[in-house]
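**Q** With the hints as your guide, set chain X onto chain C.
Order-wise, the sequence lines are chains C and X. Under my numbering, the first residue of the first sequence is numbered 1, with each subsequent residue one higher. Under my numbering, the first residue of the second sequence is numbered 1001, with each subsequent residue one higher.
You may find that some hints are simply not true.
Claimed, not checked - EDC-like, lysine to aspartate or glutamate: derived pairs with alpha carbons at most 20 Å apart:
{"#": "1", "chain 1": "X", "residue 1": "1295", "chain 2": "C", "residue 2": "106"}
{"#": "2", "chain 1": "C", "residue 1": "172", "chain 2": "X", "residue 2": "1366"}
{"#": "3", "chain 1": "X", "residue 1": "1081", "chain 2": "X", "residue 2": "1154"}
{"#": "4", "chain 1": "C", "residue 1": "172", "chain 2": "X", "residue 2": "1349"}
{"#": "5", "chain 1": "C", "residue 1": "223", "chain 2": "X", "residue 2": "1364"}
{"#": "6", "chain 1": "C", "residue 1": "23", "chain 2": "X", "residue 2": "1296"}
{"#": "7", "chain 1": "C", "residue 1": "189", "chain 2": "X", "residue 2": "1368"}
{"#": "8", "chain 1": "C", "residue 1": "189", "chain 2": "X", "residue 2": "1349"}
No lab work stands behind these hints: they were computed from the structure.
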Amino acid sequence: MGIHLLYIEDDAEIGTWVNDDLKGRGYEVTWLQNGERAVDHAAGCRLVILDVMLPGLDGFTVGQRLKKAYPDLPILMLSARTSIDDKLEGLQFADDYVTKPFHPDELAARIEVLLRRSGSYSSEALALGHLLVYERENRIMNKDTGEEIVLTGKQFQIFMYLLRHLGQILTKEQIYEGVWGDPYLDGDKTLMVHIRYLREKLERDPANPEIIETIRGVGYRVKA
Amino acid sequence: MRKTKLPKPRFRGSLLSRYLLLILIALLFIPVLFPASVIGYQVVQNMAIGNALPDAGIQPEERYQTIHLEKMWHNEAKRLKGSTPEEIDRRLRELSEEYAKVDMFWVDADSHVRQPAGGRLHLPETWDAADAISYMKRYRGATQQFSVIAFIGDDEKLNRGFMVMQVSKAAIGPRDGGLSARESMVFFGIILLMFVLFIIVSWMFFMNMRRRLLRLQSAMTVQDGSGLPDPIAVRKSDEIGQLEAAFNGMVDRLDRSLKREREEEELRKRLIANLSHDLRTPLTVVRSHVYSLQKEQLSERGQELLTLTETKLGDLAGLIDNLLSYNLLTSGKYTLHPERIDVLRIVRESAAAWYPLWEKEGFEADIDLPEGPVYWMLDAQWFRRILDNLFQNVVRHARSGQYIGIRTATDAAGGLAIVIADKGKGMQASSGDKGAGIGLAIVGFLTREMGLGMEIRSAEGGTSVMISPAAGDEPGLKLR
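Next comes chain C alone, as it looks inside the complex (with noise of 0.2 Å):
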């Protein structure tokens, strides 16, 4: 049994080459081709993905409908329009945006980011290079020793910060805020002091680190 997708498209063409994309992918799709029942079949779904342009209810109203009823459930948007009008008003209750035409592997990425975002994903095991990490049980092994690493509290929530955007550049701002929930205040080495450690407790090599990669004047990045 895949992860249950709702899909909602009107394109006959594009909903059915993005189905079977999905399907492909080891996906469960209902795809409805108008979003008037969309909530009813929001039940059991892990995820959204809501075009704009509907006939009858638009895509803003069905997605505001959506995220009435079920406001954990991730809401991916889907249009050929790019405004910047549109992105802000979709994004008041969609958790991502994505514009036509898109790459089906952008969508699949996209789709993936937002499932690890709310947890979906933390039941298996997620393999980091030498590292096996149980989101749901706190846990990570080491595959080369067979131990389990044991981090302090903020280097753990800074590192799954880093898995939930697995694959996205972060920059030192918002890596403090979102783990600290505080602003960033310019010039705190906090974050860097403890990205060391992490790197110590994490990396085969610290000082070449694999894990957590620097990406230079940008950030952090932890890569699939």
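**A** Using the frame of chain C, we list chain X on its own:
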């Protein structure tokens, strides 16, 4: 050119008629107004004197006028025809009382000089021809004296003698001699008053015209919300009134054409918005098929062509996106919300989003930004859009350089500037893809709106775009 017919102004009430009236008054000054003022003066004078002596039949001053005196004298002489010398004496005495300033005497048929009222004149007892001539010589020629001689009965042939009256010109007053100083002052005062009146009327005529023209001028410069002047109230139907009416007509036509232009603009924008939406859907479909094709077994050449097709599809999508964005941006739909924002943070976040693509394309990303925050007044959303477009241009048009540099520099004013550089063939060289224009147009528009300065240096070795807060300098796009 189409001309709108305006009703001709009536001559009455037109500026021309009023101007002509003024000219006419000026012309009438000499032949009419001067004499009129003289008459006016006399009327005033007579009224004043008449008030002083209400019972006098003939005005005292008028009595002493030479014409009057002469006429009176001859009349009296006529009336005394056939009178006895005693009657004549009596009449002269009466007249002497009436005309106190005048000396009178008469010479009877026997050449006796008779001065019934007595008198100041030294006359001989008898009056012969020689005396008459000598008198004539003495008085008639003298300019200081005025005298009238009349035969009794006013007829020489009666030979009843003659009567003489004589008066000093000084005594009969200035009426016949020039004007006294006071009188001339009053007279010239009246003339001056008329001149002043004329000048005041002309001045008011001009000032009124000027005031109305200024009102029109201010109406032309004042604008309402739509950028057009308001129509003005037309109060008179003269030439300026016509001008005001024509001005109102022009405002009305401008207003209508502005409305039409806005409607057309609106239509154009809606068309572009719909068009880009309608184009994007089939584009997605085409792309899906390309993607499906890539999964099929294809020759190497086939794969190559497919990759090329996909790239071009991506470019096309970007182009449509930019077209729509530009359309929406220039329609004024977005309002700027500038805040004090750390510009380096936005640049870093934006670079983070683009980094995977640069990696995939094999670009060397050389990002060198200082640690400390740099605050600019920015709309974050708009500034991200600027960076997106610049990064996109690098990926699309400077692919050959395989390099993107993001660093800071010092601008001409000594402030910090963000520089985005590539090692492509430069903007003059064709990258085989003409999409950079609209992307840059968006960047130019956004930087201008945010009051940023942008300087582009492009050579064969690469292009660099420098963005800085335009300090005092005119913001906008500068090409070098």
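**Q** Does each hint hold? Answer for all of them.
**A** Evaluation of the provided hints:
1. X:1295 x C:106: Since the Cα atoms of residue 1295 (chain X) and residue 106 (chain C) sit roughly 16 Å apart, the hinted pair holds (cutoff 20 Å).
2. C:172 x X:1366: holds, 18 Å
3. X:1081 x X:1154: holds, 7 Å
4. C:172 x X:1349: holds, 10 Å
5. C:223 x X:1364: holds, 18 Å
6. C:23 x X:1296: Distance of about 18 Å is within 20 Å: holds.
7. C:189 x X:1368: holds, 19 Å
8. C:189 x X:1349: holds, 19 Å
Violated hints: none; the structure is consistent with every hint.
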